[in-house]
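First to last, the sequence lines map onto chains A, B and C. For the first sequence, the residue numbers in this note's numbering are -4 to 409. For the second sequence, the residue numbers in this note's numbering are 4 to 293. For the third sequence, the residue numbers in this note's numbering are 30 to 348.
It is worth saying that the hints were derived from the structure and are not from the lab.
According to the in silico footprint, chain B covers these stretches of chain C (three or more CB under 8 Å from chain B):
id, region
1, 135 to 148
2, 157 to 169
3, 272 to 279
4, 312 to 320
5, 325 to 331
Given the structure is predicted, the values throughout are model-derived calculations rather than measurements. All C-beta atoms, glycine included, are put in the ideal place defined by N, C-alpha and C.
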Amino acid sequence: MKRRTLLGGTIAVAAFGLVSSVEAQQPPIKIGMSMPQTGGLAGGGKPSLLGIEIWRDDVNAKGGILGRKVELVVYDDKSSAAETPAIYSKLIDVDKVDLLFAPYATVPTAPIMPMVKQRGLLLIGNFSFQVNSKVGHDMWFNNAPWGPPDSWAASFLDIGQKAGGKTMALLAADQEFAQNLAKTAREVATKRGMQVVFDQSYPPNTVEFSSIIRSLKAAKPDIVYVASYPPDSAGILRAVNEIGIGDNVKLFGGGMVGLQFGSVMENMGSLLNGVVNYNSWLPEKSMYFDGTKDFFDKYTKRAVEAKVDPLGYYLAPFGYASGQLVEQAIKAVGSLDQKAIAKYLRENTHKTIVGPIAFSADGERKETAVLQAQFRGVADKNMEQFRSSGKQVILFPENLKSGDLVTPFEAARK
Amino acid sequence: MDLLLDAVVIGVLLGCFYAAVSIGLSVSFGLLDVPHVAHPAFLVLAAYLVFFINEHYGIDPLVAGLIITPLFFVFGLAAYRLYYETFERRGSDAGVRGIAFFFGVAFIIEVLIILQFGVDQRSVTAAYIGKSWRIGDMRIPYRMLVAFGVAMALTLLLTLYLSKTYMGRAIRAVAQDQEALRLMGANPIRVKQWAFGIATAVLGLAGALLIIVAPIDPTLDRAYIGRTFCVVVMAGLGSMSGTLVAAVILGVAESIVLTMFGASWAPAIAFAMLLGVLAVRPQGLFGRRS
Amino acid sequence: MKRKGILFWIGAAVFLAATFLMTQVVGNQYPFFAGYVILQFIVLAVAWSILGGYAGYVNFGTSAFFGVGVYTAVFLAKAFGAPLLVQIATAAAIGALMGFALGLLTLRMQGIFFSIATIALTIIIETVITNWRFVGGAAGIQIERPPTTPPFDNYVQMLFFVQALLVVLAVAISRYIQNSWIGRGLQALRDDELAAECTGVPTLRLKLMACVISGALMCAAGAPAAMYLQFANPASAFDLNYSVSALAMSLIGGTAHWSGPIIGAILLSATQQLLTVTISSEVNVLLLGVMLVLFVVGAPEGIIGLVRKIFHSRNEGKE
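For reference, chain A alone in the conformation it holds in the complex (with noise of 0.2 Å):
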């Protein structure tokens, strides 16, 4: 990894090289971080470290920020939450970086919390989930576009109490990601007395659906909230489809990951159709920002070299969001001073490719920005079909819809 960072650099230098004497001088800004490349998370990592590549490529072909280039330090955490601590250890004493980035998901952004809460510095999140909820960090910032913990399963229901739906079935994987995710669903169902009339966990690598399909088919719920991991999504919609779910249905996903990835989207193929799920970014009309655009060009022609998600719209921009957030705030402030960084991030709002991001107090967003959308017209085995509108038809929020409920479920997967 060092080696193709230090590769890109030189790249960098010698493509927009004859930097002023001046400036040569200056010693780069280092953004370090861990990233997941190896192990269950590196499906998601390899994409995300990718966006906040071409973000470096990018602002150093601008002359850097401040006048200083950029320098990314990145180490591969092999999706686990035991290297993590020693990592950024190395990041902070050893290699002195400028700033830090969080590593992708949760459970190797956990152990890292208190450790920059202790010492003061600043973290920019990166697609966790509530990690930041009892740590309390004032320099946290997170860049999914979750926001408020509930936002997410209120929208989901919201859908469907609009619907006609009054019960819900809650099928979770026994994950941590996903576990949090049933947590707030449960809480929002009761709150809004809709009864749960059915709620189980499967443990991972669970191989067969079926039988677990079959059960929630026979509970007859109207609204059915899925948490689940990449695997296991595929194999969940491939028994709905081979199984049915029943007539009664009016909503189907809610928090299936995975089905953001451009591989496991082109396998599912028509499966997907019907589904409503969360997303991040979509290309849909409504979606494209200043820069969004190009960044995709540029990440399309290099996901194929680097093998990884040629889609790429799930987490690869927020990559490059998070870039936009430190560069927007650093030169506001002037300097490298996280507690003034901080302080910017905090109080303004600001312009990324994945639209406007404002921050509250945790460091989530303020509001939700979660899409829920809803799969339509999907044939198998394209992956060029998820480039063009209308395949996946936004729901949620109000504000950057591109369409409406097609329900009962079944008769949305026609």
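The hints should help you fit chains B and C onto chain A, whose structure is shown.
Just chains B and C now, kept in the frame of chain A:
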């Protein structure tokens, strides 16, 4: 009641799938005593090759599995040769070091897969994936019926091979008493190498099944170490039909727990059963040893 | 023998003094973070080889013991706010009990069957923890560290020193076992359990002792990990990696002498730490695989065996 019946039917089919992915190990570990913890890694490798063939040439995954079978046979011959030169020929007991050796091999395979295919999840398409067969109120996924068919075919073929052919009998003999076989004029090493080749060759179809039943990723082998050894040990070493029965028991137990009780307890049930069997009947349900 | 004993204890004292001095002098945190991990693996490897090396019972359940240690600490910290030493002591006690249960398993199972039983045990325990909501269940749990105790002004430095104490304890026990009747008895039963039994070696008592000691040490090594990470989830705490690493380190170092696992653990975990912050990619995983295969094939008795062989051939050359 309907649910229970359903769970049993799906469980039986799931068990057949477990049998198909374990039966190679039943030969290599069960009959030859090779502590082959890289068996699941070989399996995932086969599944990736099937994916590759399916993706590039549009060949049905089962046919692709058959195509790579001879390749895996040769691969198995070579792997055993290496293992033999390293351990058995030196006369030392392979024990721990054998296990460590195969763990090392498994890690190497895992990384090679990542380097070649990336970390993304992969699956294949075929006419029988994603559709189901209706009988009354019940729906059975076709891909599980494929698993059933493959498991039956492999079990039957291996059972026949081991009991009817000269080489098959020699393999069973070498498992019982290597010296006796030598006295009969057969070369036990050849026989074992051949058997290991067969154990690896059946992974062609088993790997096809793996990717037919569910999507795969490079680290999937770790999830199958426990399951495959559980099946083979529960069956009693080296019994082909026993492997099928043990796998079906495991599948049914898992399926019933998933349907009727808390799904999150499923893995504990399967391995509690294994511990129970080991404690009460260490030679397994259909064991060859007393 | 006597002189060697004195040398050993002087070495141990110097080691402890050096680590303590390090916590007082070195301001940079990274050596403690990385060093802690290395020390932790030394304890695990040494503990593993008491049962796996001396007695020849291959335990795949290192991660089960480690995870139970982690969760003992989590439970005590959450329920009672117990201090670190209480966490470690309790973890060791629970580990000893688990070891005893494992020892009883050896009554019925030998060889690979025993190994498979330990895998089964790991999965069962992990499932139980996953379903135990009080300690966070599958979602994991964030833990707050209690305040540091003087003379340490930093918690990680304290953990580093505590783990160094555990290393000395584990090595001293392992060394004692090897040089005493216990070690000779274990070796006898490793070579031929039936023969040992017949010649009057109390095999069951020896196996139980090895299991209890090995289990207690592994659990004790896991307990501080909860405070090191300030986070625990079942998937990380019961990671298969701990089982494979403990086994690999012992084999690479060599199990014939108590110093083998130490050498193996230092070599392997230091290389891994180094690679993580240098080339940092798939190569890192590849390393473990290649090293395992190379050593098992090229140096079956580990580094210890290799060194002995070199000495022998040199001595023969002289004569």
